[in-house]
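2 protein chains.
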Amino acid sequence: MNKEKERLILVTNDDGIHAKGLSAMTEAACQFGNVVVVAPTDGQSGMAHAITVKTPIRVHKISENKNIKTYSCSGTPVDCVKMAIDVLLPRKPDLILSGINHGANSSSSIIYSGTMAGAIEGCLNQIPSIGFSLLDFAKDADFTDARHYAQIIIREALKNTIPAGICLNVNVPSINPSEIKGIKVCRQSHGVWREEFDHRTDPSGYDYYWLTGTFEDLEPNAEDTDEWALHNNYVSIVPVKFDLTAYQFIDNLKKWKF
Amino acid sequence: MNKEKERLILVTNDDGIHAKGLSAMTEAACQFGNVVVVAPTDGQSGMAHAITVKTPIRVHKISENKNIKTYSCSGTPVDCVKMAIDVLLPRKPDLILSGINHGANSSSSIIYSGTMAGAIEGCLNQIPSIGFSLLDFAKDADFTDARHYAQIIIREALKNTIPAGICLNVNVPSINPSEIKGIKVCRQSHGVWREEFDHRTDPSGYDYYWLTGTFEDLEPNAEDTDEWALHNNYVSIVPVKFDLTAYQFIDNLKKWKF
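These protein sequence lines map, in sequence, to chains P and V.
By the count of the numbering used here, the first sequence reaches residue 307 at its end, each step adding exactly one.
By the count of the numbering used here, the second sequence reaches residue 307 at its end, each step adding exactly one.
Hints listed in this document are in silico derivations from the structure and should not be mistaken for laboratory results.
Careful, some of the hints might be misleading.
Which copy is meant is left open, so a pair is good if it fits within one copy or across any two.
[Unchecked claim] Straight-line alpha carbon distances no greater than 25 Å define the calculated DSS-like cross-link-like pairs of lysine-lysine that follow:
| hint | residue 1 | residue 2 |
| --- | --- | --- |
| 1 | K306 | K290 |
| 2 | K69 | K118 |
| 3 | K208 | K230 |
| 4 | K110 | K306 |
| 5 | K306 | K208 |
| 6 | K141 | K118 |
| 7 | K304 | K69 |
| 8 | K110 | K290 |
| 9 | K303 | K230 |
| 10 | K303 | K103 |
| 11 | K230 | K306 |
| 12 | K188 | K304 |
None of the values given here were measured: they were computed from a predicted structure.
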C-alpha cells in the first residue's frame with residue numbers, strides 16, 4: 050500500500066488560477082499525493098473569509114494530468130474550499146495547501162488574506178491545512194525557495210499532527226537562499242495597516258478613492274513574532290485558530306452591570 | 050462640558066445603507082453622542098474582512114440632520130471603517146457600533162460576518178467597538194428589543210473599558226421580550242456550516258451553483274458558549290480579539306524537526 054498514492058491533497062490560493070505561486074504550490078503538493086487544484090478564476094486578494102451568496106458560482110474543469118486535476122471557480126478562496134469538499138472531491142481531503150501567495154500574510158495581514166482564509170476554512174472542517182506566502186508581490190516572483198521550504202514543512206506536518214481546529218501560517222522571506230537562517234515558530238505580531246486613500250477625480254468630475262496603505266509593526270522588538278522572524282531572515286510559521294474569543298477578558302466582562 | 054455632545058460615534062453594518070437594522074443601530078447610538086454613519090451602498094453580507102483593492106471606492110453624503118451625518122460607501126464594511134477613520138471623520142471616533150445585523154453572528158459565523166469585521170477593524174485601530182446582531186434575517190425584522198439591549202450594553206461599555214485589541218460580539222434572540230432571561234458573557238461556540246450547494250442549469254445549458262448551508266453546533270451541551278446562551282433565551286456577549294495565534298500549540302510545534 051502506497052500512502053503517497055492514496056493521499057488526497059486540495060490546493061487553492063487567492064491570486065487565482067493563473068498565478069505562478071499556485072503552480073509552485075501544486076508542484077510541492079504532488080510530491081505527497083494526488084492533487085486537486087480548485088482556485089479562483091480571477092485574483093481574490095484581500096477577500097479574507099468572504100463567501101459568495103448574492104451571485105451564483107461557476108466551476109470549470111481546466112485539466113487532468115497524471116495525479117493533478119485542476120478546476121477554476123468563480124468565487125472566493127473560501128468558496129473554492131467549500132466547493133471542493135462538498136461537490137468536486139470524492140472524499141474529504143487529507144490536507145489543504147493554500148498559496149503560495151504573492152506577498153506577505155504575516156501579522157494582522159492574515160485577517161485580510163484570502164489565502165489564509167482558505168487554510169482557516171480547512172481547519173474549520175477538521176482538515177489539516179497550511180497557508181504559504183512569499184514576501185514578493187511580483188507576478189513573476191521566484192518561488193524556488195518558497196517551494197523548497199513548503200516541502201520541508203509539508204513533510205513534517207504529515208509526520209506529526211496538526212491538531213483539529215488549528216492551521217499553519219507560513220511566510221518565506223524573499224532573499225538569497227543562503228541568507229535564510231531556518232524556520233522559526235512564532236506568534237502573530239501586533240501590527241496595523243495605516244491607510245492612505247488615493248483620492249482622484251474621474252473624467253466626469255466625480256470623486257473616487259483607491260485603498261492603499263503601509264504596514265506598521267507595533268512591537269518591532271518582540272523576538273517571538275512573525276514580523277521579527279521575517280525581518281531577521283527566518284521563515285516564519287504561526288499556528289492559527291478560528292476561535293476569536295478573547296478569553297483573557299471574560300472574567301472582567303462578567304463584572305459589568307448589565 | 051457635555052460628554053455626550055463631544056463623543057463621536059461611527060456606525061456601520063453589512064446589510065447596507067437601507068437596512069432597518071442600521072436605522073435601529075443609529076437610533077441607539079445617537080443617545081450617546083454625535084453619530085456618523087458610513088455604511089455600504091449595497092448589502093455586503095458574508096464579505097467577512099474583505100477590502101476593496103481592485104476597484105475604486107465611491108462615497109456619497111446622504112444626509113445631515115441634528116447630530117447624525119450619513120454616508121454611503123461602495124465598498125465592504127471594513128472599507129467603510131477605513132474610509133471613515135482616514136477620510137470622512139474629523140478625528141478618530143470614540144466608539145464604533147456595527148449592525149444591527151439581520152441574522153445571527155454567533156459561533157463560527159463571526160468569521161464570515163461583514164458586520165463583525167467592521168467591529169474587528171475598529172479594535173485593530175484601538176477604537177472601542179461593538180457588533181450587534183438580531184437572530185432574524187427578515188428585511189422587516191422587529192429591532193425594538195435588540196435596540197433596547199444595545200443601549201444597555203453601550204452604556205455599560207462607556208462606563209467601563211473595553212481593552213485595546215478587543216471588541217464585543219453581541220447577539221440577541223428573536224423572541225418575545227418577556228422571555229429574554231438577561232445578558233450572558235460567553236465564549237464562541239465551536240460550530241460549522243454544512244454546505245449544500247444548490248446545483249442548477251442556466252437557460253444556455255451551463256451549470257451553476259448557489260452556496261447554501263445549515264449550521265451545526267458541535268458542542269450543544271457546553272453551557273458557556275454563545276450558542277447555548279441564545280438557545281436558552283439569553284442575549285450573548287462574546288469578547289473578541291484579532292490575534293489568531295493558537296498559543297496552546299506553539300510548544301508542540303517547536304518540537305517538529307524542520
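Each hint, compared with the structure:
1. For the homomeric pair K306 and K290, the shortest alpha-carbon distance between copies (22 Å) is at most 25 Å, but the shortest distance inside one copy (31 Å) is not.
2. When the C-alpha separation of K69 and K118 is checked against a cutoff of 25 Å, the pair qualifies only within one copy, where the shortest distance is 17 Å, while the shortest distance between copies is 46 Å.
3. Taking CA atoms no more than 25 Å apart as the test, K208 paired with K230 passes inside one copy only; the shortest distance there is 23 Å, against 49 Å between copies.
4. Taking the shortest alpha-carbon separations for K110 and K306, neither the intra-copy value of 57 Å nor the inter-copy value of 38 Å comes in at or below 25 Å.
5. Taking the shortest alpha-carbon separations for K306 and K208, only the inter-copy value of 10 Å comes in at or below 25 Å, while the best intra-copy value is 50 Å.
6. Taking the shortest Cα distances, K141 and K118 sit within 25 Å of each other inside one copy (15 Å), while across copies they are farther apart (50 Å).
7. Within a single copy, K304 and K69 get their C-alpha atoms no closer than 53 Å, and across copies no closer than 32 Å, so neither meets the 25 Å cut-off.
8. Taking the closest pair of Cα atoms, K110 and K290 never come within 25 Å of each other, the shortest separation being 32 Å inside a single copy and 39 Å across copies.
9. Taking the shortest Cα distances, K303 and K230 sit within 25 Å of each other only across copies (16 Å), while inside one copy they are farther apart (46 Å).
10. Proximity of K303 and K103 under a CA criterion of 25 Å is satisfied in neither setting, with 38 Å inside one chain copy and 43 Å between copies.
11. Proximity of K230 and K306 under a CA criterion of 25 Å is satisfied inter-copy only: 15 Å between copies versus 52 Å inside one chain copy.
12. Taking the shortest alpha-carbon separations for K188 and K304, neither the intra-copy value of 52 Å nor the inter-copy value of 35 Å comes in at or below 25 Å.
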